[in-house]
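**Student:** Spelled out from the first residue to the last, the chains are:
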Amino acid sequence: GENVEQHPSTLSVQEGDSAVIKCTYSDSASNYFPWYKQELGKRPQLIIDIRSNVGEKKDQRIAVTLNKTAKHFSLHITETQPEDSAVYFCAAPNFGNEKLTFGTGTRLTIIP
Amino acid sequence: NAGVTQTPKFQVLKTGQSMTLQCAQDMNHEYMSWYRQDPGMGLRLIHYSVGAGITDQGEVPNGYNVSRSTTEDFPLRLLSAAPSQTSVYFCASRLGEAKNIQYFGAGTRLSVL
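The listed protein sequences correspond, in order, to chains B and L. All the letters of the first sequence, read from the start, carry residue numbers 267 to 378 under this note's numbering. All the letters of the second sequence, read from the start, carry residue numbers 284 to 396 under this note's numbering.
Since the hints were made in silico from the structure, they are not lab data. There's no promise every hint is true.
Among the chain L residues that face chain B by a calculated CB cut under 8 Å, a handful are [as the list claims (entries may be wrong)]:
(1) 328
(2) 344
(3) 380
(4) 381
(5) 382
(6) 390
Covered stretches of chain B (chain L as the covering partner; in silico rule of three or more C-beta atoms under 8 Å from a C-beta of chain L) [said to hold, decoys possible]:
(7) 294-307
(8) 327-337
These figures come from a predicted structure and were not determined experimentally. Beta carbons: idealized from backbone N, C-alpha and C, even for Gly.
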């Protein structure tokens, strides 16, 4: 099955700086990579995703990059703001795209 | 649309008690899943279903049962609660295979004493 590793587990950045979270996956057949944001006490919500036929996708201050050869993908947040403070999860599909395997999460803290 | 609705929001059980966590979705999604969230361990898949009448085990299925008699409902049953099952449980649904957006319920915080 798919194994997803996520680093770092915690990350603190100064407001206005950039944050990068990286995930690696094991199944070379995986073709879809979502990122979820979970604010304190709330449910996880999808913020961006990328499919394996592209190398990068941007949505305002958020971007995701994918390196299929190295089997890793990263979340980039630029010009960070206090509301970016949350736990972020990456995920990858396995077992014929039926299941989503999640990383262990990164707690991002934006320092005002 | 209400989306994915979970009940109850909070529950305290004694060791050995049984209970059912309810999950319902009104988006006509085929795929539904149950996850548990523990500190430092992310979201781990307990059971999932790809349609009414079809269920399968995830990563941590022991101690839990599920059934899917309708498209809308996917209850999770704890047969004999143990302190190790203290966790936050999330139900999720999506239209089809993994490349579709997955929507989560608000979660159930369960404590087993």
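**Student:** Any of the earlier hints contradicted here, and which numbers?
**Tutor:** 2, 8
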